[in-house]
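Peer 1: Residue numbers (the working numbering), protein chains in the order written: chain B, 1 to 341; chain Y, 1 to 341; chain Z, 1 to 341; chain U, 1 to 341.
Hints listed in this document are in silico derivations from the structure and should not be mistaken for laboratory results.
Given the structure is predicted, the values throughout are model-derived calculations rather than measurements.
Please note: incorrect hints may appear among the correct ones.
Take a look, some chain Z residues computed to stay more than 12 Å from chain Y by CB distance [as the list claims (entries may be wrong)]:
hint: 1; residue: 37
hint: 2; residue: 51
hint: 3; residue: 137
hint: 4; residue: 161
hint: 5; residue: 170
hint: 6; residue: 236
hint: 7; residue: 261
hint: 8; residue: 267
hint: 9; residue: 325
Residues from chain B shown here face chain Y by an in silico Cβ test under 10 Å; the list is partial [as the list claims (entries may be wrong)]:
hint: 10; residue: 114
hint: 11; residue: 117
hint: 12; residue: 121
hint: 13; residue: 122
hint: 14; residue: 125
hint: 15; residue: 250
The following label-pair restraints were derived from C-beta to C-beta distances [unchecked claim]:
hint: 16; chain 1: U; residue 1: 186; chain 2: B; residue 2: 25; range: 51 to 57 Å
hint: 17; chain 1: Z; residue 1: 218; chain 2: U; residue 2: 40; range: 47 to 53 Å
hint: 18; chain 1: U; residue 1: 40; chain 2: Z; residue 2: 74; range: 26 to 32 Å
In this text, a Cβ means the ideal position worked out from N, Cα and C, and glycines have one as well.
There are 4 protein chains.
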Amino acid sequence: MIKVAVIGGAGYIGGELLRILLSHPQAEVVAATSRSLRGRRIDGVHPNLRSRTGLAFTTEEELGHCDVVFLATPHRETMRTMPRYLGVAGTVIDLSGDFRLRDPGAYSEYYGLPHECPELIESFVPGLPEHHRDRLRTADRISVPGCMATAGILALVPLAESGQLTGELIVDARTGSSGAGARAGAENLHAERSGAMRVFAPTRHRHEAEIAQVTGLPVRMTATGVEAVRGVQLICKAELAGGADERSIRAAYRARYGDEPFVRVVAHRRGLHRFPDAKILSGSNFCDVGFALETGARQVTVIAALDNLVKGGAGNAVQCMNVRYGLDEASGLEFTGLHPN
Amino acid sequence: MIKVAVIGGAGYIGGELLRILLSHPQAEVVAATSRSLRGRRIDGVHPNLRSRTGLAFTTEEELGHCDVVFLATPHRETMRTMPRYLGVAGTVIDLSGDFRLRDPGAYSEYYGLPHECPELIESFVPGLPEHHRDRLRTADRISVPGCMATAGILALVPLAESGQLTGELIVDARTGSSGAGARAGAENLHAERSGAMRVFAPTRHRHEAEIAQVTGLPVRMTATGVEAVRGVQLICKAELAGGADERSIRAAYRARYGDEPFVRVVAHRRGLHRFPDAKILSGSNFCDVGFALETGARQVTVIAALDNLVKGGAGNAVQCMNVRYGLDEASGLEFTGLHPN
Amino acid sequence: MIKVAVIGGAGYIGGELLRILLSHPQAEVVAATSRSLRGRRIDGVHPNLRSRTGLAFTTEEELGHCDVVFLATPHRETMRTMPRYLGVAGTVIDLSGDFRLRDPGAYSEYYGLPHECPELIESFVPGLPEHHRDRLRTADRISVPGCMATAGILALVPLAESGQLTGELIVDARTGSSGAGARAGAENLHAERSGAMRVFAPTRHRHEAEIAQVTGLPVRMTATGVEAVRGVQLICKAELAGGADERSIRAAYRARYGDEPFVRVVAHRRGLHRFPDAKILSGSNFCDVGFALETGARQVTVIAALDNLVKGGAGNAVQCMNVRYGLDEASGLEFTGLHPN
Amino acid sequence: MIKVAVIGGAGYIGGELLRILLSHPQAEVVAATSRSLRGRRIDGVHPNLRSRTGLAFTTEEELGHCDVVFLATPHRETMRTMPRYLGVAGTVIDLSGDFRLRDPGAYSEYYGLPHECPELIESFVPGLPEHHRDRLRTADRISVPGCMATAGILALVPLAESGQLTGELIVDARTGSSGAGARAGAENLHAERSGAMRVFAPTRHRHEAEIAQVTGLPVRMTATGVEAVRGVQLICKAELAGGADERSIRAAYRARYGDEPFVRVVAHRRGLHRFPDAKILSGSNFCDVGFALETGARQVTVIAALDNLVKGGAGNAVQCMNVRYGLDEASGLEFTGLHPN
């Protein structure tokens, strides 16, 4: 059994890591930490884990050696505490934003503060098995992308790397309320957030920088909170390079994702479910990607959807662990999603 | 113009008072207070009031004389500050729970603390025009019932006072999230509250005591938070006394409410909308009441619905003001509700 | 592998059976039928099953022999076609309402038509492992209870059979929209149903008869549609017999459910999640039951929650199959539910 | 009193017209038609109108002369029946899509069928008071824009006509379920539509053509259904022409909308409500518009929100009537919207 610990276990990403890892046949959760809830039962905060665990939260200071540490801690704090975890665990899988951007300058631009240990950035492998599987097999430091970034990267990279996109990428991102975390303030009260269409980042959302970094194309993204607890959906518009058409786009996706267990191409001509929709993905590790062409085929609309807490966070992190330890990549991630939901 | 002030203007009840009073043809809002937001524009907190007002919040200490003061302040605090407002305003309309229960013993039992000015309780007239219109015409101290209590009292009193009910009343109350107020904590985060069916008061909800006080029957009420921002619905089950039947029940409602502008009897044999549903009442001052009989007609199920912030609070309070000042009782309360919504 | 077929596979219960059975390690789905969708891929209707199956719908007439047939077909139709399925399958597990009520008179009273094969009723074993496990081990005809009935029976029987309840049971049931099925009409349009608190059965809901049949006590139930896709919650109020108190109630639940894999007692003194809430149960096979006592302890409020499509239908049916075939009872039913959701 | 009739009164736009007109101080509703509901009370379909009207639906054939006819009928059918209404009413206000596009070729391209009375198109004045007030004062034929088109036109025209935009417009539109109408099919069942992020028009939505027609710029729009009953929100991205900056954009909006009763510019630096959100607009006739600039100010993100049934339909139509008959433009349209809601 792989001994794993979850740092920041009381948050939503932490809870989702615990849900997946407690059911994972090759993992043993040895610790979940929370400074404010030390000694309290985990299932008091995450009631879905009742009858699944009797564990109580501990503090980071009590943490002994373990095989894998998952960091579900806030940015800024994470880069400061990283050295400690590198000493405690064989493999560190970081879900914060602190080691995603290669360029410390981009970090300070998007996060509003200078990076405090830029020398460590290069040692982290991006936690996206679809694009970095080989490196992940031996990685001891893994940085999982942001939820919207994962959706955008999975949807756009096959087209970008096959040279089918040109110009800049216009991205419209919608997200549910769980992305704001369990400590969110008045702006996330139900009465304020329910039914909202709230543009919380008209420009310069942090995940924009991740998509630009990977695709090599300029990105202009707007992020809006819509009515959902879980779920991210991206609508991306781009110019097509010469020669690109429906056939070549499908071919690019097939080449990249034909054998992938967690990426599905959803682009049908008709039907209720012809494009990716986060609604049916809650709890599952799928990222669905699809596309539609404008008449004349000079522009493409690319659509991606995922559960921000699973493929956009905890599930993706566990998938990375599975790759790293040579396990079945879907281990612990079998849940297929619900319909209707 | 009647000069009115709203104390506690930053909360949800306060905001609803402001929405109604700013459009009221005979009222002039001279002040809205908020300790924490002094000097800030009202429409920054209540964005629906944009272009309706340029007012900013003041503090209670700055309040000068006015005709009517509406108190949308927390219980306990209200009974302490009441003497000040009795000196400032011609008419005080209190929306807190502090002067609803006639019996100080019941107050301490349900509110968990002794009443601090029991000698004032008797001077308040219950703020329910349907049952106390004559007294309200000259009342200078008015205590508006709780949202669930208003629904329960309006639905049950016609049957209780005509002697058609016997035994105890079983009440199941459902409520939206706005009832928890704008300062609510983690339990009202959207991610936690969305889609919930949360039994927050399995027994001993405070509004139970108000229904018992008015009907003279024992009440056992359970209150559950369901997915809605606005809206209260009560399902009440009671035994029927001898001789009661559908005809006598309809007659009792007709006698009480045939001429009432804001109570509608909704009890149809078929159709999508045959019983009261809070969904279509958002923003309106209606309380819809209905009923169904068990086969054999020995028991009745009574159903009531209203918008907790309007007929269950601010709208009802303004209706009281209209009665008190001899205005058209519907003044400022004309909005009819939306369908669909 | 157990060869299973799902009759009525295009509906919501049918889809949920397919979701569970396609992931079940000891089951092989050999057919899913739909008259209107013959030849169409299953994952076109149930998009969560994409990449899980390439199966297409067949018709009932094409069905060959199989080990287990699950009937997710409408009442009335089911009793007519039952003889055919009894000939085709080793075990028939019926999810319709046609073989739940022992008394054909109660059937005609609650379903509005006479039963057409009353002689078969007695041969069906109630599909509730918690109460009929021994009989289910050898049962070839199983009738799964209704969703609200399952919640009510699981919550009330331990108290009723230990003699702690007296008088009649008052039940308030709330349900999500998926209970109305995939063919529902205008009353289930999103614009009409969203945010509704719709009393669709003020009295005489069919599941009431099931609860009365099992508890032996008279039941008066009201059913309301509230905003949710999945989920049933019941609030039951009853008189306590002499000697019953919190300790004896907890003891009764512990005796019955201490070893049950899918019933949890949730009754805490404080916290956000202290009573059963359907919100965290979507997709899981749990039924959570809890209770609260009135001051003086002469009445009890019992609360139950489940996912109407899982423990209230498909999951419970698969649990019965697991019992019947001597499998791990939780096989295929491991999903623990999501928080937040 | 202006005698008005609503054709297609049983639909959602029809119901909203009735809600507004029944409260309108200068209008008298003389007829509401519905072929399928002839003789049935209007408030049976639109329960919010209970106690507001005792009218029953009639058929189109029974319609006598009236001052204003509002057509809330489907496209295609409307162009066929238009000649009849032109003979019956002094003023025809059409809410269908049939007379919005000036170019019959664009009509057949976007609506999939040839226009059947192209000679009438030119005689219709666009029903948008903010841009066509003078022509509307004497117009007898008015064609109200589509809901998303109204939002897009109001948000983009001030910038387009002042020469501040260049290149093409990328529009992401989100809409609630009421836009699909009261006759919608299985795709709008609550269980399917609730919480959805459904891309129903990845390209070529009809309202795109209206925005292009008015702005003179190419438009690429994607439309997604999100969780809401009412509400449309558009996120538009465009390149800025030389010299455009925040100051010039604000100036353009101020010049256009400084005196408009129903357009508000909402673009704040901070706060929960800093950009337009449809959530607070339900039932109100406001269109809120806002914007944000990319760093470097070469691109602008424009945001617009409205209630699709009010400013995006019925309210806008009544505003046109008010202009046409020289009434206070806000007559009947005073409702300010709710917060929270």
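Peer 1: Each of the hints needs a verdict: does it hold here or not?
Peer 2: Quick rundown of the hints versus the structure:
1. Remark: the non-interface label on residue 37 of chain Z is consistent with the geometry, its nearest Cβ contact in chain Y lying 28 Å away (cut-off 12 Å).
2. At roughly 27 Å from the closest C-beta of chain Y, the C-beta of residue 51 of chain Z stays outside 12 Å, upholding its exclusion from the interface.
3. Taking the minimum C-beta to C-beta distance to chain Y, about 34 Å, the non-interface status of residue 137 of chain Z holds against the 12 Å cut.
4. With 12 Å as the threshold on Cβ separation, the claim that residue 161 of chain Z sits away from chain Y holds: the shortest Cβ distance comes to roughly 23 Å.
5. Not every CB of chain Y lies more than 12 Å from the CB of residue 170 of chain Z, the least distance being 5 Å, so the non-interface label is violated.
6. For residue 236 of chain Z, the requirement that its beta carbon stay farther than 12 Å from each beta carbon of chain Y is not met, with the minimum near 10 Å.
7. The beta carbon of residue 261 of chain Z is kept farther than 12 Å from every beta carbon of chain Y, the shortest such distance being approximately 23 Å.
8. For residue 267 of chain Z, the condition that its CB be more than 12 Å from all CB atoms of chain Y is violated, with the nearest at approximately 9 Å.
9. The claim that residue 325 of chain Z lies off the interface holds: its Cβ sits roughly 34 Å from the closest Cβ of chain Y, which is beyond the 12 Å cut-off.
10. Given hint, residue 114 of chain B at the interface with chain Y, is violated; its Cβ is 32 Å from that chain's nearest Cβ, farther than 10 Å.
11. A distance limit of 10 Å between C-beta atoms decides the matter here; for residue 117 of chain B the minimum to chain Y is near 32 Å, and the interface restraint is violated.
12. For the restraint placing residue 121 of chain B at the interface with chain Y, the shortest Cβ-Cβ distance is roughly 31 Å, beyond the 10 Å limit, so the hint is violated.
13. Checking residue 122 of chain B against chain Y by beta carbon gives a least distance of about 35 Å; that is not within 10 Å, so the hint is violated.
14. Given hint, residue 125 of chain B at the interface with chain Y, is violated; its Cβ is 31 Å from that chain's nearest Cβ, farther than 10 Å.
15. For residue 250 of chain B, the interface hint is violated, the least distance from its beta-carbon to any beta-carbon of chain Y being 37 Å, above 10 Å.
16. For the pair residue 186 of chain U and residue 25 of chain B, the supplied restraint of 51 to 57 Å is violated, since their beta-carbon distance comes to about 39 Å.
17. In this structure the hint that residue 218 of chain Z and residue 40 of chain U lie 47 to 53 Å apart at CB is violated, the actual value being about 38 Å.
18. Separation of residue 40 of chain U from residue 74 of chain Z is about 29 Å and conforms to the stated range, judged on CB atoms against 26 to 32 Å.
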